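Q: What follows is each chain in one-letter form.
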Amino acid sequence: MTELTELTVAAIRTGVAGGDFTAVEVAEAFNANVAAASQLNAFIVATPEKAVEAAQAVDAKRAKGQDLGKMGGVPIGMKDLFATNGVQTTAASHMLEGFVPQYESTVSQKLWDAGAGMLGKLNLDQFAMGSSNETSYFGNVISPWRRKDGGNADLAPGGSSGGSSSAVAARLCPAATGTDTGGSIRQPAAFTGISGIKPTYGRCSRWGVVAFASSLDQAGPMARDVTDCAIMLEAMAGFDPKDSTSLNLPVPEWEAGLNPDMKGKKVGIPREYRMDGMDPEILKSWDDGIAWLKDAGAEVVDISLPHTKYALPAYYIIAPAEASSNLARYDGVRYGLRDLPEGAGLQDMYAATRADGFGPEVKRRIMIGTYVLSAGFYDAYYNQAQKVRALIARDFEQAWSQCDVILAPTCPSAAFALGDKTSDPLSMYLNDVFAVPASLAGLPAMSVPAGLNSEGLPLGLQIIGKAFDEQGVLNAGLAIEQRAGFTAKPEAWWK
Amino acid sequence: MSEYRIQGATGEWEVVIGLEVHAQVTSKAKLFSGAATAFGAEPNTQVSLVDAAMPGMLPVPNRECIRQAVRTGMAIDAQINKWSRFDRKNYFYADLPQGYQISQLYHPLVGEGYLDIALDDKDPENTKRIGVERIHVEQDAGKLMHDQHPTMSYVDLNRSGVALMEIVSKPDMRSPAEAGAYVRKLRSILRYVGSCDGNMEEGSMRADVNVSVRKPGDEFGTRTETKNVNSVRFVMQVIEYEANRQVDVIENGGTVDQETRLFDPDTGTTRTMRSKEDAHDYRYFPDPDLLPLELDDAFIAECRESLPELPDAKRHRYENELGLSAYNAGQLTADVDVYQRYEAILAATAAKVGKSESDVATQVANWVLSVAPGVKNATEDADEANDTTAANAGIIALSAAGTVSGGQAKEIYEIVLKTGREPEEIAETEGLKQNSDTGAIEAVVDEVLASNADKVEEYRGGKDKLFGFFVGQTMKAMKGQGNPAVVNEILKAKLG
Numbered sequence: 001m002t003e004l005t006e007l008t009v010a011a012i013r014t015g016v017a018g019g020d021f022t023a024v025e026v027a028e029a030f031n032a033n034v035a036a037a038s039q040l041n042a043f044i045v046a047t048p049e050k051a052v053e054a055a056q057a058v059d060a061k062r063a064k065g066q067d068l069g070k071m072g073g074v075p076i077g078m079k080d081l082f083a084t085n086g087v088q089t090t091a092a093s094h095m096l097e098g099f100v101p102q103y104e105s106t107v108s109q110k111l112w113d114a115g116a117g118m119l120g121k122l123n124l125d126q127f128a129m130g131s132s133n134e135t136s137y138f139g140n141v142i143s144p145w146r147r148k149d150g151g152n153a154d155l156a157p158g159g160s161s162g163g164s165s166s167a168v169a170a171r172l173c174p175a176a177t178g179t180d181t182g183g184s185i186r187q188p189a190a191f192t193g194i195s196g197i198k199p200t201y202g203r204c205s206r207w208g209v210v211a212f213a214s215s216l217d218q219a220g221p222m223a224r225d226v227t228d229c230a231i232m233l234e235a236m237a238g239f240d241p242k243d244s245t246s247l248n249l250p251v252p253e254w255e256a257g258l259n260p261d262m263k264g265k266k267v268g269i270p271r272e273y274r275m276d277g278m279d280p281e282i283l284k285s286w287d288d289g290i291a292w293l294k295d296a297g298a299e300v301v302d303i304s305l306p307h308t309k310y311a312l313p314a315y316y317i318i319a320p321a322e323a324s325s326n327l328a329r330y331d332g333v334r335y336g337l338r339d340l341p342e343g344a345g346l347q348d349m350y351a352a353t354r355a356d357g358f359g360p361e362v363k364r365r366i367m368i369g370t371y372v373l374s375a376g377f378y379d380a381y382y383n384q385a386q387k388v389r390a391l392i393a394r395d396f397e398q399a400w401s402q403c404d405v406i407l408a409p410t411c412p413s414a415a416f417a418l419g420d421k422t423s424d425p426l427s428m429y430l431n432d433v434f435a436v437p438a439s440l441a442g443l444p445a446m447s448v449p450a451g452l453n454s455e456g457l458p459l460g461l462q463i464i465g466k467a468f469d470e471q472g473v474l475n476a477g478l479a480i481e482q483r484a485g486f487t488a489k490p491e492a493w494w495k
Numbered sequence: 001m002s003e004y005r006i007q008g009a010t011g012e013w014e015v016v017i018g019l020e021v022h023a024q025v026t027s028k029a030k031l032f033s034g035a036a037t038a039f040g041a042e043p044n045t046q047v048s049l050v051d052a053a054m055p056g057m058l059p060v061p062n063r064e065c066i067r068q069a070v071r072t073g074m075a076i077d078a079q080i081n082k083w084s085r086f087d088r089k090n091y092f093y094a095d096l097p098q099g100y101q102i103s104q105l106y107h108p109l110v111g112e113g114y115l116d117i118a119l120d121d122k123d124p125e126n127t128k129r130i131g132v133e134r135i136h137v138e139q140d141a142g143k144l145m146h147d148q149h150p151t152m153s154y155v156d157l158n159r160s161g162v163a164l165m166e167i168v169s170k171p172d173m174r175s176p177a178e179a180g181a182y183v184r185k186l187r188s189i190l191r192y193v194g195s196c197d198g199n200m201e202e203g204s205m206r207a208d209v210n211v212s213v214r215k216p217g218d219e220f221g222t223r224t225e226t227k228n229v230n231s232v233r234f235v236m237q238v239i240e241y242e243a244n245r246q247v248d249v250i251e252n253g254g255t256v257d258q259e260t261r262l263f264d265p266d267t268g269t270t271r272t273m274r275s276k277e278d279a280h281d282y283r284y285f286p287d288p289d290l291l292p293l294e295l296d297d298a299f300i301a302e303c304r305e306s307l308p309e310l311p312d313a314k315r316h317r318y319e320n321e322l323g324l325s326a327y328n329a330g331q332l333t334a335d336v337d338v339y340q341r342y343e344a345i346l347a348a349t350a351a352k353v354g355k356s357e358s359d360v361a362t363q364v365a366n367w368v369l370s371v372a373p374g375v376k377n378a379t380e381d382a383d384e385a386n387d388t389t390a391a392n393a394g395i396i397a398l399s400a401a402g403t404v405s406g407g408q409a410k411e412i413y414e415i416v417l418k419t420g421r422e423p424e425e426i427a428e429t430e431g432l433k434q435n436s437d438t439g440a441i442e443a444v445v446d447e448v449l450a451s452n453a454d455k456v457e458e459y460r461g462g463k464d465k466l467f468g469f470f471v472g473q474t475m476k477a478m479k480g481q482g483n484p485a486v487v488n489e490i491l492k493a494k495l496g
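Just so you know, the sequences run in chain order A and B.
Each residue of the first sequence is one higher than the last, beginning at 1 in the working numbering.
Each residue of the second sequence is one higher than the last, beginning at 1 in the working numbering.
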């Protein structure tokens with residue numbers, strides 16, 4: 001019998017629908033992998049019973065000859081930033097430890113409605129703030145990948161969706177939800193040799209997703225290949241009247257529209273992404289990508305995104321500014337952690353609760369955000385950053401007169417070892433340098449595996465598209481995927 | 001308008017006043033959630049996930065609240081901004097679940113407008129124009145309850161997220177009376193428009209009172225802001241107290257601190273709430289959960305078309321078309337309840353007597369403004385439900401036809417209020433009709449004159465005052481039921 005946990009979303013769906021195996025068999029196979037992989041710390045909470053329950057419903061539907069849905073019979077991992085009714089939702093924080101929402105996020109509900117089941121809640125950087133998963137209150141996630149240097153250094157799975165990337169790469173789930181504020185889907189996907197797409201801002205509802213930076217947060221799928229991303233994104237996306245920033249547009253049939261033929265398409269190569277001192281292996285994978293897309297029929301053009309170097313500083317003003325306000329609601333008054341020292345008043349309760357409930361990275365960003373919004377600094381920081389943001393968006397607008405999609409590396413390096421960058425927040429932030437421009441502009445962008453570096457670690461290539469043109473991004477991703485022939489997977493050393 | 005001055009040791013001081021009025025928008029749902037807004041519900045029964053700021057919850061603007069604020073702006077002839085935006089005002093407090101209030105600092109929904117206030121009821125045309133700087137919409141906070149537990153405070157979030165309009169005046173007022181007139185006029189307009197019930201006791205309208213003093217002609221002085229003042233009388237008290245306090249401070253060599261103050265209604269005084277040094281840095285920034293608010297022409301047109309006739313226009317129409325006195329017109333149009341009652345009774349009366357409204361307008365106005373309230377106040381066991389439009393019109397019609405006298409009309413009204421019986425039936429059954437039969441009246445008059453021959457002599461000798469005596473005697477003989485007009489006429493004829 002096929003090893004079920006090696007199957008893609010598309011293959012599971014087809015197999016369940018065709019009766020090759022049952023959804024319950026699939027769920028149980030992944031449940032077993034989840035249970036055996038506690039070392040990776042990818043899940044904060046496993047929900048095997050939820051996965052089986054959803055699978056039973058799908059099997060029952062099949063017995064009745066009913067439609068099984070776009071994700072029928074596919075068990076998935078849910079990033080623990082999405083509120084799940086009756087299941088603890090923590091944002092990987094002490095603040096929300098034990099918090100059980102009485103509501104279901106729009107995106108997760110859509111996935112359940114499409115026939116998916118939940119294997120568990122995936123670990124992440126605390127409140128999605130981080131690039132290595134080391135800020136989680138529940139301990140860092142470990143990447144299933146190891147360098148082929150004989151050493152057994154634990155590597156970062158990327159962040160903030162590090163539980164998602166680790167779990168998909170380690171075959172603990174065929175796909176997982178991620179959220180991307182400044183690269184939190186793409187960077188972990190690149191670090192772990194999987195695919196992930198951040199759609200156009202507004203495609204996926206933010207309702208029920210614990211907010212980090214509202215104007216940037218976008219949910220998206222993380223899976224083993226481009227087709228699976230297309231399938232899952234279709235199930236996740238759609239207008240939601242409960243989110244004022246939700247796009248009121250029909251959801252395109254991305255899966256049906258997949259087409260790797262790049263004839264007549266122009267691919268832009270932004271010269272500003274070619275930075276001094278860049279890892280030659282990253283440059284090589286970029287060149288590989290260019291060659292593959294040419295091979296697929298695309299014309300490659302040099303473009304300029306002149307304000308690129310201001311994107312990272314602007315991002316690290318805007319995102320913390322919004323976060324400092326979004327996280328004000330965690331005050332110990334209504335839910336979550338309450339730290340009430342003996343004889344304490346309201347201010348003391350706030351101070352104690354927030355000191356104890358937030359980790360150092362979250363506190364750092366709250367302080368940065370509070371600072372940049374303060375009287376006297378607002379114009380110099382926040383307003384200036386908003387102007388930069390507008391210029392970044394204009395850079396892309398101008399680029400679209402020359403090309404249809406943009407190809408760039410996803411990250412400046414392959415996965416680093418856990419602990420390597422924790423003492424230097426700035427070097428950690430630099431990991432997002434290629435990811436944040438598309439976030440600031442609200443554009444769809446995805447990472448697909450491009451190959452392994454000399455250490456045997458995956459590298460990712462990033463495709464950025466025009467607003468609403470997820471199809472163009474997915475198609476270019478598929479063209480690369482077909483030529484990269486990426487089949488590497490990590491050894492299951494944790495079993 | 002007489003000038004209001006504080007007499008200080010160093011001479012006269014002028015008071016400068018600006019008001020920020022918070023008016024709760026009349027709407028079934030809150031500004032950014034579907035939760036209900038009814039006053040007086042059990043604590044925390046009208047709270048949605050959004051109002052409680054649960055993780056991942058998002059605000060969605062309620063179109064009706066925006067519509068009401070736009071209509072209010074139109075009613076004060078203000079600029080309507082087709083593009084506006086919501087900002088977050090960040091601060092921590094237990095009644096503020098999000099840790100920020102969604103408001104509009106940088107781009108309010110409504111820009112500059114004005115309203116005209118009159119200080120003298122008898123002279124409503126003599127007005128002063130008070131500028132309005134802006135109207136923006138924002139969320140209300142919840143409420144803390146300190147009396148539920150010996151050491152803890154409880155939080156009621158029913159009010160959390162309810163829509164408020166903040167109506168900010170320019171510093172154009174110069175006396176407590178002007179400020180009082182401004183609040184009353186604003187409340188009247190809000191009630192006309194239907195955008196706020198103006199109920200200050202229930203807190204659906206409250207004012208932050210900004211006061212400073214200066215020597216007439218000088219630059220503005222430093223102002224204080226007294227928060228959450230919830231009646232017209234208190235607003236006037238705050239100004240009175242603050243102006244005098246500030247003059248004392250300055251004349252004693254001190255300086256007025258720019259600070260936030262609280263009013264104590266029990267003592268009529270204000271005290272420091274927080275000084276400028278303790279002022280919050282609210283870290284306003286555009287709310288990233290919300291798109292800018294863009295109003296299309298159709299929406300704006302609908303708002304405009306749905307506006308009712310407003311107080312000033314109605315007052316002019318009452319004067320010009322109905323022929324009412326300026327005073328009556330002013331009194332009748334000052335409040336929605338009053339004009340609605342007037343217009344209903346006016347229409348019913350005109351229909352009943354078969355005349356145009358302008359023919360009976362003054363009579364109905366007198367009835368509504370002075371006669372009826374007088375009777376009502378004196379009637380202890382009046383039942384409001386009996387005070388119907390039809391009953392009032394019935395009584396006025398009987399009076400207009402001469403069937404009942406003014407006194408009888410009052411008696412009938414009193415019985416109506418107590419029992420709900422029909423005015424016509426009461427007049428009939430209770431004998432409350434006046435006699436207009438000239439033959440019968442002549443006979444009584446003849447009798448009165450005959451038995452008072454001496455007085456008749458005196459009258460004819462020039463003692464005109466005795467005419468009233470003859471009227472009184474005649475009415476007495478007729479048990480008060482003689483039609484005074486007919487009695488007068490016959491007496492005059494007979495006395496020659």
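Rather than coming from a laboratory, the hints here were simulated on the basis of the structure.
Do not take every clue at face value.
Capping the alpha-carbon separation at 25 Å, the derived lysine to any residue pairs in SDA-like fashion look like this [as the list claims (entries may be wrong)]:
(1) LYS352/B - LEU346/A
(2) LYS185/B - TYR93/B
(3) LYS89/B - MET367/A
(4) LYS276/B - TYR103/A
(5) LYS363/A - LEU295/B
(6) LYS363/A - SER48/B
(7) LYS89/B - GLY376/A
(8) LYS276/B - LYS466/A
(9) LYS266/A - LEU49/B
(10) LYS363/A - TYR114/B
(11) LYS410/B - GLY376/A
(12) LYS466/A - PRO292/B
(13) LYS28/B - TYR103/A
(14) LYS242/A - ALA36/B
(15) LYS363/A - ALA36/B
(16) LYS143/B - LYS263/A
(17) LYS242/A - ASP281/B
(18) LYS242/A - SER48/B
(19) LYS242/A - LYS276/B
(20) LYS242/A - TYR114/B
(21) LYS242/A - LYS185/B
Values in this document were obtained by computation on a predicted structure and should not be read as measured data.
Q: Could you run down the list of hints and mark each one as holding or not?
A: Hint check:
Between LYS352/B and LEU346/A the CA atoms are separated by roughly 66 Å; this puts the pair beyond 25 Å, and the hint is violated. Distance hint between LYS185/B and TYR93/B is unfulfilled; the C-alpha atoms sit about 33 Å from each other, more than 25 Å. Pair hint LYS89/B plus MET367/A holds up; C-alpha atoms about 17 Å apart against a cutoff of 25 Å. Restraint check: the Cα-Cα separation between LYS276/B and TYR103/A comes to about 43 Å, which exceeds 25 Å; the hinted pair is violated.
Taking the CA atoms of LYS363/A and LEU295/B, the gap is near 39 Å; set against the 25 Å cutoff, the hint is violated. For the suggested pair LYS363/A and SER48/B, the alpha carbons sit about 29 Å apart, so the restraint of at most 25 Å is broken. Using a Cα cut-off of 25 Å, the hinted pair LYS89/B and GLY376/A holds, with the two alpha carbons roughly 16 Å apart. With a CA separation close to 49 Å, the supplied pair LYS276/B and LYS466/A exceeds the 25 Å bound.
Under the criterion of a C-alpha separation no larger than 25 Å, the hint pairing LYS266/A with LEU49/B is inconsistent with the structure, at around 47 Å. For the suggested pair LYS363/A and TYR114/B, the alpha carbons sit about 47 Å apart, so the restraint of at most 25 Å is broken. Restraint check: the Cα-Cα separation between LYS410/B and GLY376/A comes to about 70 Å, which exceeds 25 Å; the hinted pair is violated. Of the supplied pair hints, the one linking LYS466/A and PRO292/B holds, its CA atoms being roughly 23 Å apart against a limit of 25 Å.
A threshold of 25 Å between alpha carbons decides the hint, and for LYS28/B with TYR103/A the separation of about 24 Å falls inside it, so the pair holds. Among the hinted pairs, LYS242/A with ALA36/B is consistent with the structure: their alpha-carbon atoms are about 17 Å apart, no more than 25 Å. Among the hinted pairs, LYS363/A with ALA36/B is inconsistent with the structure: their alpha-carbon atoms are about 36 Å apart, more than 25 Å. Proximity of LYS143/B to LYS263/A is assessed by CA-CA distance (about 64 Å); at most 25 Å being required, the pair is judged violated.
With a C-alpha separation of about 30 Å, the suggested pair LYS242/A and ASP281/B falls outside the 25 Å cut-off, and the hint is violated. Proximity of LYS242/A to SER48/B is assessed by CA-CA distance (about 13 Å); at most 25 Å being required, the pair is judged to hold. Between LYS242/A and LYS276/B, the direct Cα distance comes to roughly 39 Å. Violation of the 25 Å bound is thereby established for this hinted pair. For the hint linking LYS242/A to TYR114/B, the alpha-carbon distance of about 37 Å lies beyond 25 Å, and the restraint is violated.
Between the alpha carbons of LYS242/A and LYS185/B the distance comes to roughly 38 Å, so the proposed pair goes past 25 Å and is violated.
Going through the hint list in order, the structure does not satisfy hints 1, 2, 4, 5, 6, 8, 9, 10, 11, 15, 16, 17, 19, 20, 21.
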